[in-house]
Amino acid sequence: MAFKSLRKSSFMLLLAALCCALPTHAVESKSTFTYTYSGRLDSEEKADAILQAKVKAIETWIATSQPYQERNFSLAKDDITENIDEYLLSSAVVSKDNNKDIKQYRVVVRVDINDTKLLNYLTAVGRAKDGSMDDEDQYITFVFVARELASRTEAKDTASGDFKRAKTLWQATTTSEIDIAVGEVFADANYYVIEAALLEEDTAGQLDVNNFLMDYEQGDDLTPGTKRDAIRGLKSLEDPVQYLAIGTLDVDEHVTDDVTGLYKVPVSVTAKILSVKRRGATMASIGPVQYLGLGPTPIVAKNNALKLAAQEMAAGLIGQLSSKSI
Amino acid sequence: MRYTQGFVSFPDYFQRRTRIQNILLLLLAAFWFIASPAYASKPVVYFAGVSFLGDHRFIDTNYPVATALNKATPEQPQAALDKAFFELLSAQSATLPLLLSRNLANYKSGPAIAMTLAIERESISIETFEDYRKVVAEISAQVLFFDFQAMRLIASIPVDIARNDVINLNASLDKARTDNLTALYQPTSNADNSLLSVASGHIRQFGLPKEGVLRFKVHAVNIGEKASPLVPERVQHDALAQVFGQYFTAQLTHLGGLNMIPYTKGYAIGNKMAGRMANGDVYTLTLPEADYVFTVDISNFKHIAQPNKHLFASRVKFTAKEATRSDAMLDDYFHAAVAKLVSDKQTYIDDWAAYEDALETVLSELAQQLSAPEKKWFDNHSQLKRRTYNTFRKWSEHINGL
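Taken in sequence, the protein lines are chains A and B.
With the working numbering applied, the first sequence covers 5 to 330.
With the working numbering applied, the second sequence covers 546 to 947.
With the rest of the complex left out, here is chain B (with noise of 0.2 Å):
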């Protein structure tokens, strides 16, 4: 440091005072950020990115549209998904209920949480009309959070996402599945309505379970003995089961409130998840023990044709127990239905697409049932109607009293 004798001009001493009062200032604000309740109450969460649940060998087949977009490449180190989801969640930072970070977690300093976007379904589904043909395309993902130390999932935020279009009888099937599924990680358009954008929208409204709260599951999703021969022959029973007990998963979350377990029959061994980075890297997440579990059997579906319209209705067993007890606190038949108005020009009518709407009625509003259960709904979609409305009345006082 060099030091002068002498008068310091009044300029000088101004400008000089005016940095160190700057400077004080900084510093004050940035006690005051980081003493702030706002900021102090929020965890750090370390950002891992974008990975693919499943068997590390099937990530490029299950998931070839995120895949290619995702790819981590010498020229491009960092995958455009992982990149935009970054982004995104920076952006909001203010308003998320964590301190994200893109450093390197210090499991040596403590317990360390890390954050990652699990895609765990993307599909198309397809409806032939006489002159076009309607595409579906869905994307299901985890927002998974995990003890870094432990490798141990801590929370998790189901996502759902899907998209409507309508293409030529003769345009590529392949082209539609791409461009759709696309459309969905990386929108042209109206980005709101996109998976990281859904994804990001849920992570703001979260919170991470505190200590000791009660963790639920569903258990199995079954496909009883009258609604299997329902089941057209290109749906898999295991792929069915799979994408009812993730919707499940979701709506209990994010409908009944509950601190769901992810629904793993599909890519679960055991008490492990198996998940494949960006990168290429494959990670394994331990699932907790589930204190509930919930069972789900799809019983049967029906098909009633009115002059204008059709009907379909969805029926399921549900049970739920408390996990080390081998008696149901909840069991009982519920159904829902849905109309469908049917087009002249429609030449086949998709019973199954119908029907799985049903099937999502009747999911989507037991999982409200659980969390606030209502006298008129039992007495419309329950067998045992009131005598059902008590149980889930005690159920839910149960929970609460807990």
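Here chain A stands alone, though its shape is the one from the complex (with noise of 0.2 Å):
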């Protein structure tokens, strides 16, 4: 019966999709503050040290896992001081000591914050900085490829004697895991997100993405002429779109987790954000940086792994975007 009793085998794939794929909507951290005070200890001391660690525990949380918002985090911190726990699920005070030969008062707080909550408040803020958004701001497309190894072949340097080149090659598609994972990131963030295949018509062509594909099969870049078209093609719409975000996320070989019995699957993510506006200047860029799913079989741990590391990549591009006023 077992998982079966919570409806059969499908309980399998359930599980593995969800610890190994959904965000959590909630993450712990934990923070100490020491006050230090003068003459006697009273109450509002108390609780504004409490109140120190809480923010504290959060900009802990920040700097380790969401380096890219600091920047907005800097912005908004005064007012997250003043409604914490509108961005906390729960807190406990895990110690307090008051040592009075030295005046110190030293507390312990760990918090569950609600992340997705702070992290959309945060993007809010960087935003809307300096009143520069507007609304043609606010378009974004993006081709992110999946890419498995299709070849890789070395060749000696003839000139050099031991030098060794190798060429690899990848075979490359875009996948709706990506594709609805990056989507929902973006969208959350309060991003116009449009299909690039859907721009395709529209600029003509100079916007195509089997170019990209194409590229991508061949190297870890995008060839200038793709690169230059496709910008080309989305400055001439007559309601531009301002960002294209484009990147690669390589998926490597499966290996088996000894103790689960499980599939791992390694994915290795880069990606960037280009401004149409300024000729495609790079606005963000990330990695790479590797993340791993984990699956009952070696396809339920790739796509895994793949929607884990869209969403970390376009969280992690929506906040330096943000953090420029984007």
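No lab work stands behind these hints: they were computed from the structure.
Beta carbons are placed, not taken as given, at the ideal position from N, Cα and C, and that holds for glycine.
There may be inaccurate statements among the hints.
Pairwise CB distance ranges, derived in the manner of DEER restraints [what the hints assert, rightly or not]:
1) 157/A - 647/B: 52 to 60 Å
2) 67/A - 753/B: 28 to 36 Å
3) 749/B - 154/A: 53 to 61 Å
4) 180/A - 802/B: 49 to 57 Å
5) 104/A - 747/B: 51 to 59 Å
6) 618/B - 260/A: 19 to 27 Å
7) 260/A - 847/B: 47 to 55 Å
8) 932/B - 71/A: 24 to 32 Å
9) 49/A - 917/B: 27 to 35 Å
Calculated pairs, BS3-like style, for lysine-lysine (alpha carbon to alpha carbon, straight line, at most 30 Å) [as the list claims (entries may be wrong)]:
10) 939/B - 920/B
11) 810/B - 34/A
12) 104/A - 930/B
13) 104/A - 920/B
14) 720/B - 100/A
Make one complex out of these two single chains by using the hints.
Rendered as structure tokens:
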């Protein structure tokens, strides 16, 4: 019965999908705050020490897990401090210690951060910073491809003797896992997301997803021609799309996890956002960063890895864009 | 719907009215039941059956009896222990602090809590006397409550159960092992003394921890230099640490009233705990970080022979600290002794079994003293006596004051 009691074998797929791919909506962080006082420590000072410890717990989490949001956090810190409990699902005072000899009050708190709410707020604060945001700036399109190694050849350079050149060929595809995950993150951050395929006709074929795939099968970046054409095409639109996000998610071979017996698939991500208005200048970039997907079959593990990598990559890009008020 | 004109006879009218009244009464009763505080406050928990902790490759070897009993097959898709446990809990649903569901947990509708009875040890020990053998069968398990969406442990209840038996010298040890462990899983009589009934009893008295409640963990159980030579060769030190780490965790839960994270040295890697269900599905749970950690160093064992009895003592160093600090809040040596009568017919005095009893005693009493320190106990069982009693009192005030 066991998992079958939770509806037969579908549980396994659901379980794998849940534990490996879905972003959690609460993350835990712990922090210590030491408050030095003079005279007698009053209850207001104690409460303030706990508040500062909570803020520090959020700040610690941003610094370690969301470095792209650090700038936005510094802008929003005062407001977050004032409304701290809106961004926490729960909190616990783990320890309170008043050292009267040196007049120091030390508190340790553990908080459950409502990360979705906090990140959305930080992104909004960053984008609205100088009021420069307008409707035009909010359109974004993207081409992210999943790549698997097709072949790798090494050649000896006859001139230098022992120097080896490697030629790597990839099999590149666009996948719904990536498109949906990235689209959700961009849309949650209030960007208008347009599928790249929908723009092919409008740009008279200057933006051609197949060109992207062909380029990424041969190398790690787009050829200047593909990039130039795409930027031109987007710029020529009556209602211009201002940002083009591109990148690769390289899927490595699966291995088996010794303890659980589940399949593990590593994915390496490289991505950037180009500004159409600024002649294709890079506005944000990520990677290469590695992510791991787990699953009962190699395919499920791969899809989980791609989904996780796409979500994290998109969140990182958004963090960087918003910190530039974009 | 068919309508008829004309009179409705009295019996028909009466019957119809009675039916309507009955339906209304049923609806009212259902509403009252759903709206009642007892029902409304109970969390829905999804039943995930019996599982086995540890590396999936060694589950059949580590739990030979339970896995044989709980095999799901195409002919018998409902594994026997899963079925029995669900039926037992369902029969007690009125007194359970949760609403048990066998449906698929729906993560899209919000946080979902699932529950599994995870077996973490089945073992047998044998003492040989002149004309018989004493067999002790033991099972340790955890009722694990976990966030189904994040696959993160929320709470656990340690469950331990043991059974003594006597067999002939010529009797098969394999059979004794299987029979005694089977009796703990599937008793033929005295159903109260089964793993499932003890687990359901604990669940009845359990409440899922409130948000922000403190978490404690036995971080390590170490065997010191003086104690090490007294541990029999057949007993692996890692296994010993695992057994007593689990035991102490259980005592701290039940006697100390603390929200404990399972002791996982033997089967968790980092903060991940792996398990396998009856049908072979594997799961991995993330363990939360502890706020306070305990360490037990088993420092020595001592045997004192007296005319009619033998005293066996165990001494441990116990430390407790807040997880972010390096200095200990509690730190002292503690000891306890058990008396053992020695029969003329016993061919071999098993010091180890008595030492284990002494170790269990000191850990169990320590767990009690953490929640309610008694001055007299510290005078008799701790090295620093009054000073340690005061630190335990401060600890108790500190924890309760948070």
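Verdict for residue 618/B, residue 260/A (Cβ pair) under range 19 to 27 Å:
Once the Cβ atoms are compared, 25 Å apart, the range 19 to 27 Å for residue 260/A and residue 618/B holds.
Quick check: does the Cβ-Cβ distance between residue 180/A and residue 802/B fall within 49 to 57 Å?
Holds - the Cβ-Cβ distance for residue 180/A and residue 802/B, about 50 Å, lies within 49 to 57 Å.
Pairwise beta carbon distance, residue 932/B to residue 71/A, judged against the given window 24 to 32 Å
Cβ of residue 932/B to Cβ of residue 71/A: about 47 Å, so the range 24 to 32 Å is violated.
Holds or violated: 51 to 59 Å for the Cβ distance of residue 104/A and residue 747/B?
43 Å, violated
Given a hinted range of 52 to 60 Å, is it respected by the beta-carbon distance of residue 157/A and residue 647/B?
Since residue 157/A and residue 647/B have Cβ atoms about 56 Å apart, the given range 52 to 60 Å holds.
Residue 810/B and residue 34/A: Cα distance at most 30 Å?
Distance of about 23 Å is within 30 Å: holds.
Taking the beta carbons of residue 49/A and residue 917/B, is their distance inside 27 to 35 Å?
33 Å, holds
Are residue 939/B and residue 920/B close enough, with their CA atoms no more than 30 Å apart?
13 Å, holds
Verify the proposed pairing of residue 104/A with residue 930/B, using a straight-line Cα cut of 30 Å.
26 Å, holds
Can you confirm whether the C-alpha distance between residue 720/B and residue 100/A stays at or below 30 Å?
Roughly 56 Å separates the two Cα atoms, so the pair is violated.
Cβ distance range 53 to 61 Å for residue 749/B and residue 154/A, holds or violated
60 Å, holds
Check the following: the C-beta atoms of residue 260/A and residue 847/B are separated by a distance inside 47 to 55 Å.
About 48 Å separates the Cβ atoms of residue 260/A and residue 847/B, which means 47 to 55 Å holds.
Violated hints for the displayed structure, listed by number in ascending order: 5, 8, 14.
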